[in-house]
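Peer 1: Chains as they are written, first to last, in the working numbering: chain D, 1 to 323; chain B, 1 to 323.
It should be emphasised that the hints constitute simulated quantities derived from the structure, not laboratory data. Model, not experiment: these values are computed from the prediction. Just so you know, not all the hints are guaranteed correct.
One copy or two, either will do: identical chains are not told apart, so a pair holds if it fits within one copy or between any two.
Only pairs whose alpha carbons sit at most 27 Å apart, straight line, appear in this in silico DSS-like list of lysine-lysine [said to hold, decoys possible]: (1) 168 x 182; (2) 93 x 140; (3) 13 x 301; (4) 168 x 146; (5) 93 x 168; (6) 239 x 280; (7) 93 x 175; (8) 310 x 146; (9) 146 x 13; (10) 310 x 168; (11) 271 x 301; (12) 140 x 168; (13) 175 x 310.
Protein chains: 2
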Amino acid sequence: MLDEYDVIRLITKRFGPLPEGYAPIGDDVALVPPGRAGECVVLKCDMLVARTDVPPGMSWKMASRKAVGMCVSDFAAKGARPTAFMVSVGIPKGTSEGRVVELASGLVEASREWGVRLVGGDTSEADDLIIDCVMVGFAKEIVRRKGARPGEYVVTTGTFGRTSAGLKILMEGAKAGPRFRKEAISSVFAPRPRLDLGLAISRYLSSSIDSSDGLAISLHTISEMSGVGVRLTEVPYEKGLEEFASLNSYSAEELALYGGEEYEIVGTVGKGRIREAKGKARSMGCELRVIGETVSPDVLKGVEFPDGRKVRRDGWVHLRSKP
Amino acid sequence: MLDEYDVIRLITKRFGPLPEGYAPIGDDVALVPPGRAGECVVLKCDMLVARTDVPPGMSWKMASRKAVGMCVSDFAAKGARPTAFMVSVGIPKGTSEGRVVELASGLVEASREWGVRLVGGDTSEADDLIIDCVMVGFAKEIVRRKGARPGEYVVTTGTFGRTSAGLKILMEGAKAGPRFRKEAISSVFAPRPRLDLGLAISRYLSSSIDSSDGLAISLHTISEMSGVGVRLTEVPYEKGLEEFASLNSYSAEELALYGGEEYEIVGTVGKGRIREAKGKARSMGCELRVIGETVSPDVLKGVEFPDGRKVRRDGWVHLRSKP
Numbered sequence: 001m002l003d004e005y006d007v008i009r010l011i012t013k014r015f016g017p018l019p020e021g022y023a024p025i026g027d028d029v030a031l032v033p034p035g036r037a038g039e040c041v042v043l044k045c046d047m048l049v050a051r052t053d054v055p056p057g058m059s060w061k062m063a064s065r066k067a068v069g070m071c072v073s074d075f076a077a078k079g080a081r082p083t084a085f086m087v088s089v090g091i092p093k094g095t096s097e098g099r100v101v102e103l104a105s106g107l108v109e110a111s112r113e114w115g116v117r118l119v120g121g122d123t124s125e126a127d128d129l130i131i132d133c134v135m136v137g138f139a140k141e142i143v144r145r146k147g148a149r150p151g152e153y154v155v156t157t158g159t160f161g162r163t164s165a166g167l168k169i170l171m172e173g174a175k176a177g178p179r180f181r182k183e184a185i186s187s188v189f190a191p192r193p194r195l196d197l198g199l200a201i202s203r204y205l206s207s208s209i210d211s212s213d214g215l216a217i218s219l220h221t222i223s224e225m226s227g228v229g230v231r232l233t234e235v236p237y238e239k240g241l242e243e244f245a246s247l248n249s250y251s252a253e254e255l256a257l258y259g260g261e262e263y264e265i266v267g268t269v270g271k272g273r274i275r276e277a278k279g280k281a282r283s284m285g286c287e288l289r290v291i292g293e294t295v296s297p298d299v300l301k302g303v304e305f306p307d308g309r310k311v312r313r314d315g316w317v318h319l320r321s322k323p
Numbered sequence: 001m002l003d004e005y006d007v008i009r010l011i012t013k014r015f016g017p018l019p020e021g022y023a024p025i026g027d028d029v030a031l032v033p034p035g036r037a038g039e040c041v042v043l044k045c046d047m048l049v050a051r052t053d054v055p056p057g058m059s060w061k062m063a064s065r066k067a068v069g070m071c072v073s074d075f076a077a078k079g080a081r082p083t084a085f086m087v088s089v090g091i092p093k094g095t096s097e098g099r100v101v102e103l104a105s106g107l108v109e110a111s112r113e114w115g116v117r118l119v120g121g122d123t124s125e126a127d128d129l130i131i132d133c134v135m136v137g138f139a140k141e142i143v144r145r146k147g148a149r150p151g152e153y154v155v156t157t158g159t160f161g162r163t164s165a166g167l168k169i170l171m172e173g174a175k176a177g178p179r180f181r182k183e184a185i186s187s188v189f190a191p192r193p194r195l196d197l198g199l200a201i202s203r204y205l206s207s208s209i210d211s212s213d214g215l216a217i218s219l220h221t222i223s224e225m226s227g228v229g230v231r232l233t234e235v236p237y238e239k240g241l242e243e244f245a246s247l248n249s250y251s252a253e254e255l256a257l258y259g260g261e262e263y264e265i266v267g268t269v270g271k272g273r274i275r276e277a278k279g280k281a282r283s284m285g286c287e288l289r290v291i292g293e294t295v296s297p298d299v300l301k302g303v304e305f306p307d308g309r310k311v312r313r314d315g316w317v318h319l320r321s322k323p
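I would like the entire structure built from these sequences, with the hints used as guidance.
Peer 2: Below you can see the structure in the form of structure tokens.
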């Protein structure tokens, strides 16, 4: 039976040695070389718990890659480049070597994909697979949730609804055409945080948030923290979402607004900078979509459609939502 | 029923606002001002899982304080001052407000006691209480596990066996006199990492390790990573340990060497510096005990008593040890 030391060995041996300035993995603490002069330390931790975050069919490799990706997405939304990460892993007693190797492979893949070095971690016994990813990077400043002002465009880096659809397919056996099915499941198993895009467009963003709790909550959070109203003129549906919804008698709007787990960036851009911001995104093969505008809180509080219908403050909420 | 946002509110409202340079809690990432020029970022994560780490009678307040203390102890052993911390918390659905307030109180206490600021965290649903503490600080260099050379003294900042005894009292109903009982249980519920002492003596240490996995494993780790043998001339028993052991038919040596969870520093000091190192510790009201010496690996491999008896590489090992 594997113990803590076996697990650490199985993971760390798949990573090459760390460069000068880092402490080799295996001391009491990790050491990361300082950023450039004046750069703050950017930190994020995000805990993946298998029972609520790992649907049927998702391997430990996918889970560990996703745990790292969840942090990468937050860095992307803030315009900060991540440098390194640690993982605190809880696994059940008697976990097989094969599963630990899977977990290690996902971390290796994440490390390569997003250019982040594994610098340390911790291994514990738990009833369920638990991966708490801790990410560190450096930045002079970050884009805040509170920076939006009235009269700006509300933008997103992508479409919504595909991950809710993927979860419906996996958990409730919802029907879907082969192409949509593949895309939807892939967005659950192998999310693609918008790191390069986030780093490129951050200078245009007055406020931003990672959309992983859902589009509606993200918009409400920007509204609350910035003290602005949000008029939502378009719900950016994933291609094929409406067919999928009607095939299964779901509401496409519900799926897109209140699902969560899409790792897109939601933010605001001053109207004078939108052309440049969209051009930058396009130069990277992405589309920055305008989905609404911010208005004075005297005109509108919270988040509404143009016809006055309210967008609920609802989405993925831990301890409330059903997995 | 409390949800994620309630939990975050209950915790953060007990903390004052962060000073200039930090991002207020509640954005996608935490921001910590840079260290002084040339200082590296020191990072540690340590996961507490209630099922294995929280014995009967230990409150959530004690558990959350201890989760932070576990990281503080690693910083202490490395001679690095911690600056800030985050916590990823997993709690069962339906957890009462009272328990979350307890958890928050433990974090507040830890924050004050060790001068570390709470800068962020994450809340998830889990079957069991899980607290992953993430600590950050700055240091030009740290004392490594690998720095010992032959011909040095092996030292500790305290005695051993009280925490194993405390666990025996709590889990197996072992008998003890009132004073020993109190000390032993307190070392389980309210460990006292050696932060001030560690910061003061780090300049004298050629190698060091936090002893939380037990004295024997700590000595073996220094031996392996430094490539030296360790001759253990004294097992530093907690006062009253031998009476406790004989009262319950335990072996005091087993309790002191192979228990774990004592948050002491184990390290090595060059013979020419030992007087100064001991004097420094004494000036802080602590005793730095010489418990052995390092020898060339040609003479001795691993860890032995002077009569040649081997010290086993055994102690608290996650996924192997019984809680």
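Peer 1: Indicate, hint by hint, whether the structure satisfies it.
Peer 2: The hints, checked one at a time:
no.: 1; hint: 168 x 182; in the structure: within (13 Å within a copy, 54 Å between copies)
no.: 2; hint: 93 x 140; in the structure: neither (43 Å within a copy, 38 Å between copies)
no.: 3; hint: 13 x 301; in the structure: between (53 Å within a copy, 24 Å between copies)
no.: 4; hint: 168 x 146; in the structure: neither (33 Å within a copy, 52 Å between copies)
no.: 5; hint: 93 x 168; in the structure: between (31 Å within a copy, 22 Å between copies)
no.: 6; hint: 239 x 280; in the structure: within (23 Å within a copy, 69 Å between copies)
no.: 7; hint: 93 x 175; in the structure: neither (37 Å within a copy, 31 Å between copies)
no.: 8; hint: 310 x 146; in the structure: within (21 Å within a copy, 61 Å between copies)
no.: 9; hint: 146 x 13; in the structure: between (42 Å within a copy, 19 Å between copies)
no.: 10; hint: 310 x 168; in the structure: within (25 Å within a copy, 59 Å between copies)
no.: 11; hint: 271 x 301; in the structure: within (21 Å within a copy, 70 Å between copies)
no.: 12; hint: 140 x 168; in the structure: neither (41 Å within a copy, 51 Å between copies)
no.: 13; hint: 175 x 310; in the structure: neither (30 Å within a copy, 64 Å between copies)
Violated hints for the displayed structure, listed by number in ascending order: 2, 4, 7, 12, 13.
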